[in-house]
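J.: The primary structure of each chain is shown beneath.
Number of protein chains: 2
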Amino acid sequence: MNMMALESGDDIVLIDSGILFPSDEHYGINAIVPDLTYLLSKKDRVRGLVLTHAHLDHIGGVPFLLEQLDVPVYGTAFTLGMVRKQASEFTLLKPPNLVTIKPGDEISLGCFTVEGIHVTHSTVQCLALAISTPLGYLLHTGDFKIDQSPVDGRVFDFESFAEFGRRGVLMLLSDSTNADVPGYSASEQTVGSALDHIFSQAEKALFFTCFSSAIHRVQQIVDRAVQHRRKVALVGRSLATTCEIASNLRLLKIPAGTVVQPTDLESYPSHDRVTIIAGSQGEPRSSLTRAAQGQHNTAKVEEGDIVAFSAKMIPGNERSIYRVIDNLYRSGAEVLYGDTCPGLHASGHPCREELKLILNLVRPRYFVPIHGDYRLLSQHKALATKVRGSDLQEAFVIENGCVLQIDEFGARVLPDKVPVGRRLIDTGTRSQIDRDGAMRDRRSMSEFGVLVPVVTIDERKGKAVEIEILDRGFDVSASSRAMLSGAEAVIQDSVRLSTKAERRDPALMEKKIQNDFRRYLSRKSSRQTRPLIVPVLLEA
Amino acid sequence: MNMMALESGDDIVLIDSGILFPSDEHYGINAIVPDLTYLLSKKDRVRGLVLTHAHLDHIGGVPFLLEQLDVPVYGTAFTLGMVRKQASEFTLLKPPNLVTIKPGDEISLGCFTVEGIHVTHSTVQCLALAISTPLGYLLHTGDFKIDQSPVDGRVFDFESFAEFGRRGVLMLLSDSTNADVPGYSASEQTVGSALDHIFSQAEKALFFTCFSSAIHRVQQIVDRAVQHRRKVALVGRSLATTCEIASNLRLLKIPAGTVVQPTDLESYPSHDRVTIIAGSQGEPRSSLTRAAQGQHNTAKVEEGDIVAFSAKMIPGNERSIYRVIDNLYRSGAEVLYGDTCPGLHASGHPCREELKLILNLVRPRYFVPIHGDYRLLSQHKALATKVRGSDLQEAFVIENGCVLQIDEFGARVLPDKVPVGRRLIDTGTRSQIDRDGAMRDRRSMSEFGVLVPVVTIDERKGKAVEIEILDRGFDVSASSRAMLSGAEAVIQDSVRLSTKAERRDPALMEKKIQNDFRRYLSRKSSRQTRPLIVPVLLEA
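Quick mapping for you: the protein sequence lines, in order, are chains A and B.
No gaps in the numbering here: position 157 of the first sequence is 157 in our numbering, and each next residue is one more.
No gaps in the numbering here: position 271 of the second sequence is 271 in our numbering, and each next residue is one more.
These are calculated hints, taken from the structure and not from any lab test.
Just so you know, not all the hints are guaranteed correct.
Since the list can't tell identical chains apart, any single copy or any two copies may satisfy a pair.
[What the hints assert, rightly or not] With a straight-line Cα cutoff of 27 Å, these simulated DSSO-like cross-link-like pairs (lysine-lysine) come out:
| # | residue 1 | residue 2 |
| --- | --- | --- |
| 1 | Lys-463 | Lys-512 |
| 2 | Lys-312 | Lys-500 |
| 3 | Lys-524 | Lys-94 |
| 4 | Lys-43 | Lys-500 |
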């Protein structure tokens with residue numbers, strides 16, 4: 001959900017606005033995007049949103065942001081192509097104002113001037129940002145790795161980093177994703193060698209799964225398919241669109257006749273087929289998950305085929321991924337994954353030696369590790385402090401909502417946070433869901449079910465003349481049944497022991513019945529069953 | 001949930017009966033144990049349950065089994081100590097019949113004779129089983145690794161494996177957990193070197209987290225604490241009990257005065273403290289998780305302390321574990337985990353070279369890979385086929401419920417499975433929960449919430465005179481509200497368009513209203529909101 005705001009005087013510039021996908025579809029949330037409350041109170045000052053690169057954790061929040069904030073969006077052609085694709089699924093009030101930039105372009109946004117610097121990463125057209133502010137330069141690396149032999153030949157722009165270092169950089173903000181990994185990241189080209197090996201051994205159909213934005217990866221697979229005279233099908237809607245966007249920009253080069261429609265692939269013999277298929281994270285509805293279950297229309301995995309996972313297992317997704325791998329084994333395929341085939345993926349993020357290199361090249365006065373969990377920010381800060389010694393004035397680990405204030409007297413984290421947070425987007429209705437209420441209820445229903453006591457109260461008699469308790473998702477063992485029967489007496493007591501005035505107040509009576517019922521259940525059940533209780537009160 | 005049954009004539013012998021813990025407490029299930037339906041139909045033939053070792057995935061189902069089946073349970077003293085601990089939380093009809101065995105003992109169970117063989121693993125007193133049957137020997141490895149320098153000096157019993165190999169083994173069943181890991185597993189003693197390094201560097205308090213059954217690991221930590229004159233506290237109920245069981249059996253040797261009560265530890269200076277604390281998997285209620293949040297009574301993590309994770313991250317637990325690590329960093333501790341400190345854990349399972357060794361030593365006629373996901377069973381089978389060539393008559397990958405039949409004509413998997421499955425144990429009530437009904441309802445409520453249409457029907461007028469829709473956990477955006485209001489007309493139609501006879505059948509009317517309501521919602525919501533619908537029907 002990467003997003004930050006730079007503020008100086010009356011000007012605010014935003015960098016990135018990502019989305020977070022919950023690993024499972026728990027509690028009906030399928031997306032989480034940044035809460036913009038702070039910015040909405042300063043709407044008129046927001047000069048623009050600058051995007052570093054096309055990954056969803058950096059751009060996926062853009063359409064949600066544009067629903068609330070009318071600002072120009074700056075990014076490279078590929079990044080904006082991906083934003084346009086995302087936004088097309090939304091009904092925005094007006095078409096987004098997307099401004100294409102190239103490395104070296106300078107954008108003036110109020111008192112800020114932003115210049116993009118080309119960096120290498122696991123997708124194409126990625127930028128670091130050099131931001132000139134009234135107090136000096138900020139250098140924001142975006143996501144990067146230092147690839148000395150990138151697939152497209154466009155190496156990391158050391159020169160610009162060195163040039164800004166020479167001019168003097170007030171603050172460096174640098175990618176911490178791999179701050180706990182020693183050494184250097186492997187070049188994307190090393191994956192090519194693993195692919196060569198696979199293509200030269202394979203006797204039947206080949207399947208590769210990778211992130212849809214991994215254009216260099218797709219390029220390397222396509223290149224080998226051409227060389228081995230295999231046809232390629234791109235399976236998965238997002239993969240196909242992303243490749244189309246990249247092809248149109250000549251960032252992905254596919255010789256005519258190489259890629260065929262998924263439906264046409266089966267007309268070729270199995271040893272002439274390559275399928276690049278979405279679903280490297282075992283996502284439940286992805287093409288690969290369905291293919292592994294034998295439930296995909298066009299992608300059929302058969303005995304002797306090879307399925308290669310060419311992507312990192314994102315922590316938290318291992319179980320889903322292994323479930324897919326197990327199913328692929330059941331269909332008789334050979335599966336290349338994780339440690340069993342280590343060359344099949346190269347990280348897109350810098351390891352510790354690369355981080356040191358950037359620190360020594362840029363020589364910032366202040367340092368802020370970005371992009372990574374607390375432990376990684378913390379390790380990156382320690383690394384910076386060690387590498388730069390007393391040349392580094394201070395390093396800050398900043399958490400969501402923290403304000404780092406810089407002025408002529410120095411830099412400091414302010415004691416108060418600004419309101420930030422998560423907007424939970426509902427799977428069912430696709431609108432923002434109230435976090436405390438609905439989420440809490442969903443949670444208790446998911447664990448314990450729901451009880452609906454339907455209570456008919458006779459006002460004159462001062463008691464309930466009928467009590468029926470409906471239950472759903474509740475444990476139905478004999479002991480639970482007995483517990484529910486016993487609850488009728490408890491509800492009767494709640495009614496009878498109330499005053500006349502109380503009984504005339506339905507909202508109050510609902511609360512009372514709920515509380516008494518809840519207390520009864522926790523007294524009766526040894527291990528605290530806490531179903532949601534929804535009383536329905538009726539007058540006799 | 002490891003469990004298997006051997007059946008010959010009128011005799012059934014069971015091996016292990018494990019428990020499975022869902023990673024999160026989703027849908028209110030906190031334990032999954034084997035469904036015994038098949039065995040219950042043959043109750044009188046079950047001669048006994050033999051346990052290979054004390055891990056919960058092999059013994060955690062025992063108390064649940066004893067609730068349903070009255071059989072003697074055989075295992076080593078430590079294994080049975082752990083079973084006794086588990087069973088003490090249950091109210092069994094009669095005390096379990098636990099029979100202690102040692103390696104070399106022969107137990108006669110109907111036509112089977114079972115002999116335990118000492119193997120090394122990540123807990124103590126583990127057995128492989130040599131089972132003499134009317135057709136020949138079965139050799140079941142249990143969980144093992146081949147540790148040439150175990151901490152307690154009791155090496156893997158190669159001799160017995162070789163001896164059975166010499167006599168001729170009909171079928172080998174062997175641990176597949178690491179069947180995709182090349183090479184040999186590291187000796188448990190290698191962890192000692194990592195511990196030496198940590199102890200010699202540490203200037204403040206030390207925390208170690210490991211599995212509570214990892215007695216060798218605890219021993220190694222305690223040994224170093226003694227050497228460095230630190231006091232040790234054992235934090236976590238299960239850890240403390242397990243260590244007590246092991247100490248009483250002299251399997252864990254702690255010099256007097258070394259271990260102190262957790263409450264007493266803080267009277268020692270921080271550089272004299274070691275805490276061994278439960279929670280290596282980031283379990284939400286574990287001691288370590290609470291300590292990391294600063295919410296543990298006795299375990300306080302402070303600036304400069306070292307917290308070392310001395311356990312594997314079990315796939316699926318990474319997110320929870322990283323959350324704990326981040327919190328530990330927030331308290332200023334240095335955390336040693338995973339790849340950042342590779343020597344801190346040694347797997348308890350055999351890698352591929354060890355698997356080959358066992359195959360070559362035992363030289364079985366048939367081979368069945370056990371313990372591991374399908375991909376691992378599949379790779380282990382391929383390995384066995386390659387290593388043993390034509391000397392191996394056949395290898396079988398068997399899934400839950402499959403029957404492998406062996407007779408004088410050979411071995412084969414029968415076409416029909418026997419009824420097996422999972423008993424889901426409810427968190428709230430601790431009894432078995434109905435899988436299809438309650439679970440499905442919990443699932444839809446967890447994602448979409450619940451709607452309770454309260455419909456008062458006037459029989460004479462043939463229509464609903466009042467419709468109120470209660471909702472919980474439902475998205476509360478304006479558009480959802482509008483959708484709900486619109487539903488009232490739909491419900492009115494369901495009532496009005498029904499015949500008089502239908503209206504007199506409440507069960508039928510409930511179904512109708514439910515169906516119409518559901519259809520309306522899926523028509524109205526673009527992305528399929530499917531809340532649970534619980535109609536309450538009343539007569540006016």
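J.: For every hint, state whether the structure bears it out.
T.: Here is what the structure says about each hint:
no.	hint	verdict
1	Lys-463 <-> Lys-512	within (14 Å within a copy, 32 Å between copies)
2	Lys-312 <-> Lys-500	neither (65 Å within a copy, 62 Å between copies)
3	Lys-524 <-> Lys-94	between (58 Å within a copy, 24 Å between copies)
4	Lys-43 <-> Lys-500	neither (53 Å within a copy, 60 Å between copies)
The earlier numbered hints that this structure contradicts are 2 and 4.
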